[in-house]
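Enquirer: Given the coordinates of chain B, work out where chain F should sit on it, guided by the hints.
Each chain is listed here by its residues.
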Amino acid sequence: KNEVEQSPQNLTAQEGEFITINCSYSVGISALHWLQQHPGGGIVSLFMLSSGKKKHGRLIATINIQEKHSSLHITASHPRDSAVYICAVSGGGSTLGRLYFGRGTQLTVWP
Amino acid sequence: DAGVIQSPRHEVTEMGQEVTLRCKPISGHDYLFWYRQTMMRGLELLIYFNNNVPIDDSGMPEDRFSAKMPNASFSTLKIQPSEPRDSAVYFCASSLTPPGTGINQPQHFGDGTRLSIL
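Chains B and F, in that order, give the protein sequences. Okay, so the first sequence: first residue is 13 according to the working numbering, each after it adds one. Okay, so the second sequence: first residue is 617 according to the working numbering, each after it adds one.
One chain only, chain B, in its complex shape:
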């Protein structure tokens, strides 16, 4: 069983739609990360959060520590949002420094 599970694996949307990607984890964490990987392969860190909610432009990330669940929302989606979105968690305690990754969600936004 993976420490981090994402859903859905693939997501297709029409431009302008509201997008939600979910992430559940089973280990104790010190923080949760949302990463974006574009078709060219580069990986960019979008958010790092340990509680509550963070917003950056049209992207919103939330985390519920009690439920071990996080969501990434994209409002007014655009074709340039097409990418793979990866959820990762930072281990706590003796596993501090390790990142556990979800398998990613492939998002395609059509014009």
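Check the hints yourself; a few may be wrong.
[Claimed, not checked] Chain B regions said to be covered by chain F (calculated; three or more residues, Cβ under 8 Å): (1) 51 to 61; (2) 110 to 123.
[Said to hold, decoys possible] Ranges between beta-carbon positions, derived for each pair: (3) B:GLY28 with F:ASN668: 44 to 54 Å; (4) B:GLN118 with F:GLU699: 19 to 29 Å; (5) B:THR32 with F:SER643: 23 to 33 Å; (6) B:GLY54 with F:SER674: 19 to 29 Å; (7) F:PRO677 with B:PRO20: 24 to 34 Å; (8) F:ASP679 with B:SER38: 26 to 36 Å; (9) F:PRO700 with B:LYS67: 18 to 28 Å; (10) B:THR120 with F:THR654: 36 to 46 Å; (11) B:THR32 with F:GLY632: 29 to 39 Å; (12) B:ASN34 with F:GLU634: 20 to 30 Å; (13) F:ASN687 with B:ALA88: 39 to 49 Å; (14) F:VAL628 with B:THR120: 21 to 31 Å.
Just so you know, the hints here were simulated from the structure itself, not pulled from any lab data. For every residue, glycine included, the Cβ atom is placed at its ideal position computed from N, Cα and C.
Expert: Quick look at chain F alone, frame taken from chain B:
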């Protein structure tokens, strides 16, 4: 402001050959990470260094893999001998602090090295 620099971007070689991947972290970042990404397993941590010292190498698949960080601005990941199942994209990343500590201190990833072993 230069990011994490990896070389080469692409490497194609025959099985049995030695492969060396290189990484230059962002100046001042004390943590350096090597990851491997495959279709089957997604992203996996191979090893990470703190102040040039390997801290956690539990993700290194086997003895054919070795990583070094001779100084704060350079690290290598070697595979010897290489096998077709080593084909993957290898990412290097660096950060000021360990993941999950420090406010707004994310990892910065290089563009990756796409390795193909024939």
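Enquirer: Which of the listed hints are not met by the structure?
Expert: The structure breaks hints 5, 9, 10, 11, 12; every other hint is satisfied.
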